[in-house]
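Trainee: Residues per chain, in single letters:
Number of protein chains: 2
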Amino acid sequence: MASENQENVKGLKSAWSWAKGYFEKIVNVVICAAKDAKKLGEEDPRRVIHSFKVGLAITLVSLFYYFDFLYEGFGVAAMWAVITVVVVFEFSVGATFGKGMNRGIATLLGGALGVAAHRLASFTGENAESIILGLSVFWISALATFLRFFPKLKARYDYGLLIFILTFSLISVSGYRDDEVLEMAHKRLSTVLIGGSAAVLICIFICPIWAGEDLHNLTATNIEKLAVFLEGFGREYFETNKGNKASLDGYKSVLKVKGNEEVLVNSAKWEPGHGRFRYRHPWGQYLKVGRSIRECAYKIDALNGYLNSEMQTPMEIRSKVQESCTKMSSECSCALRELAKGLKTMTRAMSAEPHIRNAKTAAKNLKSSLQTSLWPDTDLLDIIPAAAVASLIVDIVSCTIKIADSVHELACLSKFKNPAAVIANQTGQGRVAVASDIKGSLNLNVVVE
Amino acid sequence: MASENQENVKGLKSAWSWAKGYFEKIVNVVICAAKDAKKLGEEDPRRVIHSFKVGLAITLVSLFYYFDFLYEGFGVAAMWAVITVVVVFEFSVGATFGKGMNRGIATLLGGALGVAAHRLASFTGENAESIILGLSVFWISALATFLRFFPKLKARYDYGLLIFILTFSLISVSGYRDDEVLEMAHKRLSTVLIGGSAAVLICIFICPIWAGEDLHNLTATNIEKLAVFLEGFGREYFETNKGNKASLDGYKSVLKVKGNEEVLVNSAKWEPGHGRFRYRHPWGQYLKVGRSIRECAYKIDALNGYLNSEMQTPMEIRSKVQESCTKMSSECSCALRELAKGLKTMTRAMSAEPHIRNAKTAAKNLKSSLQTSLWPDTDLLDIIPAAAVASLIVDIVSCTIKIADSVHELACLSKFKNPAAVIANQTGQGRVAVASDIKGSLNLNVVVE
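Which chain is which? The protein sequence lines are P and D, in order.
So the first sequence is numbered by the numbering used here: it starts at 1 and just counts up by one.
So the second sequence is numbered by the numbering used here: it starts at 1 and just counts up by one.
In short, the hints are calculated from the structure, not lab data.
None of the values given here were measured: they were computed from a predicted structure.
Watch out, some of these pointers could steer you wrong.
Because identical chains share one entry, a pair is satisfied inside a single copy or across any pair of copies.
As the list claims (entries may be wrong) - The list that follows gives simulated cross-link-like pairs (lysine-lysine, BS3-like), each with its CA atoms no further than 25 Å apart:
no., residue 1, residue 2
1, Lys25, Lys152
2, Lys13, Lys367
3, Lys39, Lys154
4, Lys20, Lys35
5, Lys299, Lys402
6, Lys152, Lys256
7, Lys154, Lys38
8, Lys152, Lys38
9, Lys269, Lys288
10, Lys258, Lys299
11, Lys10, Lys39
12, Lys154, Lys252
13, Lys256, Lys154
14, Lys252, Lys299
15, Lys39, Lys152
When you get a sec, could you build the whole thing from the sequences and use the hints?
Mentor: Take a look at the structure:
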């Protein structure tokens, strides 16, 4: 009896510890999730705002159900307004607008074609009607599905094609049962339009999140990240008392943004003019700027590899290239900072030009310091890493010029303010000659390789 | 009168030429679109098959409307089956299955919660009911929208969360008007399940397109593309009679596939066992293999830059590194080919090991040929490009080893056949020693830098 009691106690204890462990696990998971949520919210507080905006939009549209005078007009079709809000509401205004337009136009076209198919089919007998309807649904949905593979259509109208198939099938097929097909199509279209406009309006008027603005800031920040690396590089590579290397790793995020950038460009193209950006701002050019930034970031990544490599060139060899390398890297850094500043303030970054010219001069000086006569009795294997670093920095000068070119092109396309012109007007001195010289230097390539 | 006639004729002529020009433009656009369509279809004939499959699925599900005995059960709710097919049917089985599961489970959960909210609210008075329902819709949709920002949830359950919000709002809000809320939720769930299973069944049983198989083949093809470049590189760089450089540009497509790969992995994770792949094949490992392939492709891209550079090292300098470079590049090419072959046949690529070992030996030989004493009276500027090429090829050897390591890991995880073990069993000689030596060499890094 005592042993049985003991067994019971033991069993209870193990059950208790099991339950306790399980409970602790759940609590842990919840705590982790809460921490993640806090981090997500702190990283970008607009996420929290966006969530509340979605909740608000859905609640507002569901008012159709609560008020009799609203409900009477649409009846059950009011659910399409709710569905549209849920499906169309995206993070940025551009994405929401794009999806809304896609859904609206596709519903219009699909509905019209569905009504037409139903009318055509209803002239025949009942058996033939179902066959004609079935065949038209088959062919039109197959065709529209194939259209979704066209890259250009996929980029901007993928969702519209989907909704086109959906509406066409629903309207033409339901028409077989319900003769009020025109009214059905009309109700569906108007509820979709109501839902879509509710989503777009709330998206624009309550703390709007513009994809274009995000894209613009992302580009400027990325250029700045490269500048931060190049600023610190000389100190890290050529001086023995090393600082904190990890502080230079900021550029790494630049290598990952490609897909994000394309999504932002596609969204931004839908956006109306806002803030400093007019409608039809040259968003496509940002992809080109992004490509040149990434090219530079890959070179910087290679450079970072030498920074962290265990096999180092002796200091006395490094010091031979130190002056020109440090010069190039710091001048590139300054030029990039000026470009980023110009982007942020939307002015032409004329002040980047002198830095680029200095970097080019330093590259030419490097050439003369690389004559063998200056390196007697040195093991080639010791020289190679230093030479590779120097050659990478020369490449980075070319990359910086490419970035400057593409930013310059962007400035021309979107008509940034021209500080030089302002000054020329103020002082009355023609600065055209200087400006054309600068333009010429932009298109020049570095000849040292 | 005559001049009026002439004017009329002139007007008619210009109208005619305008109409003709316009018509020709339209014809041109149609011809271009038809050519694009033909190209898309020839590139991957499965696109055409997929389009017909979608048409078939939608037509089949719309049968609900045509046959009375089917229509009676569901009535207007049958449209949810059509909607589900249109929205869920994706190119690959995995993506379709994932979306179908997401939609099914989210409809179940959202519907259950919606019914519960409606029941709870109906205990109160009518005014309080609408307020409670509105508040619950607001909070739950805001919460679920915020959950969509969690990266892990976004990757696999984004669509499910959307459908959850949708179903919950629809069921709880419609319940305010229609007391048959349980029946409504039940009908919606069963039609969604019917539509989802129709999509999945047609996707699996008519010419299935497996995301996993695509991913596997893509990986093997990418490795082969790198091998093709390295095979041709020695010939192109060290011999004066140059062949067709463009034939070496195949590797460039490897640099672009990253986003595509992640989509394929996420889809493949949903797929049941198929063909040579069991359920829970280690799909995640393909991302690691892909990363190492891309790393190698970037080095190859840099190498390609030197191939096309106008500033070339004199041939007599290049010839000093020719032997070891050609050796390294061709051995890496052979190793990569063996790895690709192993992947394709799903056997462990033991035969890649000797090639990697040869490449390492060549890398060590290169080290001794880079002593300054062998290069008297040479301009360092002439040596640097050749040295950079040599150093890049050494990097490519390390990259090849990384690819071999990750493929090897994949082979272990997915239990590829082991040809060495088969031979050992056949000949009766233990080959364990060799195998362990190979494994050791895989984890060794090249020491030449």
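Trainee: All hints, please: hold or fail.
Mentor: Hints, one by one, checked against the model:
For the identical chains of this complex, lysine 25 and lysine 152 are inter-copy neighbours only, at 19 Å across copies versus 49 Å inside a copy, given an alpha-carbon limit of 25 Å. Neither within a single protomer nor between protomers do lysine 13 and lysine 367 lie at most 25 Å apart by alpha-carbon distance, with minima of 79 Å and 68 Å respectively. Taking identical chains as interchangeable, the C-alpha atoms of lysine 39 and lysine 154 lie at most 25 Å apart only when they sit on different chains, with a minimum of 16 Å there against 34 Å within one chain. In this assembly of identical chains, the alpha carbons of lysine 20 and lysine 35 lie at most 25 Å apart only when taken from the same copy (22 Å versus 67 Å across copies).
In this assembly of identical chains, the alpha carbons of lysine 299 and lysine 402 lie at most 25 Å apart whether taken from the same copy (13 Å) or from different copies (21 Å). Taking the closest pair of Cα atoms, lysine 152 and lysine 256 come within 25 Å of each other both inside a single copy (24 Å) and across two copies (17 Å). For a Cα distance limit of 25 Å, the shortest separation of lysine 154 from lysine 38 across copies, 17 Å, qualifies, whereas the shortest one inside one copy, 35 Å, does not. Proximity of lysine 152 and lysine 38 under a CA criterion of 25 Å is satisfied inter-copy only: 16 Å between copies versus 39 Å inside one chain copy.
In this homomeric assembly, lysine 269 and lysine 288 come within 25 Å of each other (Cα to Cα) only inside a single copy, at 15 Å, whereas the closest approach across copies is 35 Å. For the homomeric pair lysine 258 and lysine 299, the shortest alpha-carbon distances inside one copy (17 Å) and between copies (19 Å) are both at most 25 Å. Taking CA atoms no more than 25 Å apart as the test, lysine 10 paired with lysine 39 passes in neither setting, with 43 Å inside one copy and 73 Å between copies. When the C-alpha separation of lysine 154 and lysine 252 is checked against a cutoff of 25 Å, the pair qualifies only between copies, where the shortest distance is 23 Å, while the shortest distance within a copy is 30 Å.
When the C-alpha separation of lysine 256 and lysine 154 is checked against a cutoff of 25 Å, the pair qualifies both within a copy, at 23 Å, and between copies, at 17 Å. Within a single copy, lysine 252 and lysine 299 get their C-alpha atoms as close as 11 Å, and across copies as close as 18 Å, so both meet the 25 Å cut-off. In this homomeric assembly, lysine 39 and lysine 152 come within 25 Å of each other (Cα to Cα) only across copies, at 14 Å, whereas the closest approach inside a single copy is 37 Å.
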